[in-house]
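Visitor: Taken in sequence, the protein lines are chains L, F and R.
Those letters in the first sequence? Residues 0 to 344, by numbering that gives the first Met the number 0.
Those letters in the second sequence? Residues 0 to 337, by numbering that gives the first Met the number 0.
Those letters in the third sequence? Residues 0 to 324, by numbering that gives the first Met the number 0.
Treat the hints as calculated values from the structure; they're not laboratory data.
Check before you lean on any hint, since a few could be wrong.
[As the list claims (entries may be wrong)] To list a few chain L residues with every Cβ distance to chain F over 12 Å, as calculated:
1) E9
2) P10
3) F21
4) G25
5) T70
6) L72
7) R89
8) V98
9) N114
10) E147
11) S293
12) E323
13) E333
[To be verified] Here chain F is said to cover these stretches of chain R; the calculated rule only asks that three of the stretch's residues, wherever they fall, bring their Cβ under 8 Å from a Cβ of chain F:
14) 225 to 232
15) 308 to 319
Ideal placement from N, C-alpha and C gives every residue a C-beta, glycine not left out.
What follows is each chain in one-letter form.
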Amino acid sequence: MDDTSPRGGEPLLVAEKLTKHFPVRGGFPIKRTVGAVQAVDGIDLTVRAGESFGLVGESGCGKSTTGRLLTRLLEPSAGRILYRGEDITRASRKELAPVRSEIQMIFQDPYASLNPRHTVGKIISGPMEIHGVTPPGGREGRVRELLETVGLNPEHYNRFPHEFSGGQRQRIGVARALALEPKVVVADEPVSALDVSIQAQVVNLLQRLQRELGIAFLFIAHDLAVVRHVSHRVAVMYLGRIVEVGTRDDIYGRPRHPYTHALLSAVPVLGDWASPRERIRLTGDVPSPIAPPSGCRFRTRCWKARDRCAAEAPPLVRAPDSAEGHLSACHFPEPPTTAAAPAAR
Amino acid sequence: MNAFLSVRDLSVRFSTEDGTVRAVDGLSFTLERGRTLGIVGESGSGKSVTNLAVLGLHDPRTTEIRGEILLDGQEMTGAPESVLEKLRGNKAAMIFQDSLTALSPYYTVGRQIAEPYRKHTGASRREARLRAVEMLRRVGIPQPELRVDDYPHQFSGGMRQRAMIAMALVCDPELLIADEPTTALDVTVQAQILDLLGELQQETGAAIILITHDLGVVAGTVDDLLVMYAGRAVEQGPVREVLRAPRHPYTWGLLGSMPRLAASVDEPLTPIPGTPPSLLAPPPGCPFHPRCGYVSEVGGDRCRTERPGLPPGRGAACHLSEERQRSVFAEQIRPRLG
Amino acid sequence: MLRFLARRTLGALVIIVLISAITFALFFALPSQPALMSCGKNCTPDALALINKNLGLDQPVPVQYWHYMAGIFTGRDFTVGHCPAPCFGYSFSNQQPVWGTIVDRFPTTLSITVGGAVVFLVVGVGIGMIAAAFRGTWIDKFFSSLSLVGNSLQIYFVGVIALAVLVSGLHWMDNPAYYPITENPVKWFTGMLIPWLVLSIIFIANYSRMTRSQMIEQLGEDHVRTARAKGLGRRTVFFRYAWRGALAPIVTIFGIDLGSLFGGAIITEFTFSLHGLGRLAVSSVSETDLPTLMAVMLVGCTAIVVANIVVDAAYAVIDPRVRLA
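For reference, chain L alone in the conformation it holds in the complex (with noise of 0.2 Å):
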């Protein structure tokens, strides 16, 4: 996916302050509500129609979190989301019915996520029968096509689950999500638990359907690479914040958080002995997300981390010689330079 690609479509789905704190439950003698797990604390986001949009993140940073918020499998704490500017936050199943068809979602884990007692054919024309959808051609002419589409045989409709490999049941899984024709499709480490050959069909896969079928992509994963190849912009999400937001070559060629910077030069890469980059590394492990640190969350392992951090939360702001759209939650931003991340070329 090059960069001319639509970048400036208009914004499917937003969402605004988005929060979701779950509750922790203790106390004596009767239980009740005496902390929060902060998993989404006041995001920001747009993914625009037609574009391919990375979050990326370590586990529990919020990203698969953010991903069930912004398709309503999750009620948000507070904050609003945006489906073509509008306002579906509080929208009941009858109210979501049409935005739903529209919006689907790839899941991780191609063997939990399919019913192991219904075939092919029905899996994928579940949706369909949800909605009451019949395309031209009947269901079973739509599933056949599906399966084509996703490099399945079609003659495979009445086969059951357990007959596909990972990566083809992964398959199967976008088949499904493809089935209603959706504008949107969050895709939560689709390719996670797949093996590095499968990964790669299931990526090319996903990427030829965002490019021939213009879908909007919301692409979770842990892996930078993986979201560096697949999309045109992308967020780093740290401990229910976005800390950097930008085009793919802001975030992997000119990243201002050190979050960032430290992620980025924490990634194995080919060829190290080569040309050693400046090695950048965090010390201990993600603070608990029911006590946050004060301030900027980052600051506990921040090498730059000084009184101000503690006391004051950085917004999400564009730091200077930054490009328009590329907004990083930083009170001493790094220079834009590359020092740190391989040239992206």
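Chain L is fixed; fit chains F and R onto it per the hints.
Guide: Relative to the frame of chain L, chains F and R by itself:
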């Protein structure tokens, strides 16, 4: 002179209800003290099975092991359990992938570290506990005197993996087998753990086998590389040579499948078509031939009928001539990798 | 840990109070006129009124309940005399204080259940571990078929056969009878032996199968493989790692089985004509002796609830993830 660890013509077969699984088939490699060998392969390639065989950890009732595994002159295959028990955790230790399931939830971290130390050195409970604290400190756990009494679930993922390394190193093993030690971890923590393994090797001079599916992980960490596919070694050599100028079509496929930070984003990935073969009935000849694009170049039916040998040292188990292997990589593969 | 137990105990108290209220409501507040039952065949309205007054049945039900519950702790004065704490009222059938009968019968039931539980836990878990250690061999298959047979047996069936063969036929064992353990521990043991064996047979079958499958599952766990990779011996790995892991689910199932254990004890008492709480409950039902029935219910429920707390505590001891959560 014999190598510190020498595996010769190893084959491991499991009998299952569906038939015999040929998990490892005719594998040979050697490893010297102070060196690190990376074994790379996808799931089912036999990389973990091989290393469980080195420690004799397979269930003899369902596993048939043939070939030779010499660890410092001691034959491991068919050795009595009493001999193996004295070596395990002592001369040769292992680190597993998922530290949450690989540590027992019922005992404190300290006790699990101290256990092999007491067993192998005969140390007292007190000495072993001090040793556990010292080991936790060495692997970088803050406040080891306190954390030694914690249970694994009270540790974070990265700390648990450190504790597992402490447990493996408590008896100063000469061979350390790390089976996907960082796969369950986040990148920033993965980097910490890989650095730690490197530092500890500098200190102890142990030989390390690093098993992984991630070519990126081996790139900066190992000396030699062994690429496995369907239970066989398909390519081996010093890691830089293998990664700079790989010779086997499967290795090319792996590299082409990996999205890389340094690669051009305009090039689509070039995945390997098809899926790995069933080990119940592996294809005859070269196991990779059903997915290989160079079968027609070899001529005749060689790829389908004749099993290619792996040259010792540096080389690939492929019927393409060495010259052709070089030129195909230089002309067709290298440009695509960007 | 203490907090955990304290919370469980508080919860248990609430449950016991609830059970007592429901039982009380069922027995005393039904329109069936408890006094009629005590009055007998030639009952005059005057006699009925007197009984009602004597038993305090002329007062509203909540007040009656309050008096009843207070009586358990402080004793209670009836017109016929003082009933010392713990007072559960007087039996309709023999006019004796109910508590005295309970105290008399409870040790029998307690002996049967606790002894039976010990037998089936030791034997059942033991067989399961042996079967797991030798899985796939003839030993394993032998125990598997045995547990299949054991599982299809019934207490009253096995009980009669045991009496016929072991006592009357071979004279290997004594006739089942209850002797207080404080007076003659040997006689207590020999008298209880057959009830224990008979009660535990079905449980042994279940627990051996469950233990076997749990052990086999645990032996395949990653942490067991790690223990072997550390060089620990087979025996250490088997007992220290695999068994420890299998223990938690066994204890959980035991907690669930407590109810059926008491049920089994009642059938056992019947089969061997032992005078325990179970027999008392059944006879009080047939004689519509409500105070006795109420007392048996309360004591039985309390016993089960207390046993459940003990099981929870054991679970916390076994699994640090529960204890330190």
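Visitor: Work down the list of hints and note, for each, if the structure agrees.
Guide: Hints versus structure:
1. No Cβ of chain F comes within 12 Å of the Cβ of E9/L; the nearest lies about 24 Å off, and the non-interface call holds.
2. Residue placement check: P10/L keeps its beta carbon more than 12 Å from all beta carbons of chain F (closest about 24 Å).
3. Annotated as non-interface, F21/L keeps its C-beta farther than 12 Å from every C-beta of chain F; the closest such distance is 19 Å.
4. For G25/L, the shortest C-beta to C-beta distance to chain F comes to about 16 Å, beyond the 12 Å cut-off, and the non-interface label holds.
5. For T70/L, the non-interface assignment is confirmed: its Cβ lies about 24 Å from the closest Cβ of chain F, beyond the 12 Å cut-off.
6. With a cut of 12 Å on Cβ distances, L72/L stays outside the contact zone with chain F, its closest approach being about 24 Å.
7. Separation of R89/L from chain F is adequate, the least Cβ-Cβ distance of about 34 Å exceeding the 12 Å criterion.
8. Distance check on V98/L: its Cβ is at least 32 Å (rounded) from any Cβ of chain F, clearing the 12 Å threshold; non-interface status holds.
9. Every C-beta of chain F lies more than 12 Å from that of N114/L, the closest at about 22 Å, which supports listing it as non-interface.
10. Distance check on E147/L: its Cβ is at least 17 Å (rounded) from any Cβ of chain F, clearing the 12 Å threshold; non-interface status holds.
11. Remark: the non-interface label on S293/L is consistent with the geometry, its nearest Cβ contact in chain F lying 21 Å away (cut-off 12 Å).
12. Every Cβ of chain F is farther than 12 Å from the Cβ of E323/L; the closest lies at roughly 21 Å, confirming the non-interface assignment.
13. Non-interface call for E333/L relative to chain F: holds, since the shortest CB-CB distance, roughly 16 Å, exceeds 12 Å.
14. Using a Cβ-Cβ cut-off of 8 Å, 8 residues of the region 225 to 232 of chain R lie near chain F, which meets the minimum of three, so the contact claim holds.
15. Only residues whose beta carbon comes within less than 8 Å of a beta carbon in chain F count, and the region 308 to 319 of chain R has 3; three or more means the coverage holds.
When held up to the earlier numbered hints, the structure conflicts with none and fits them all.
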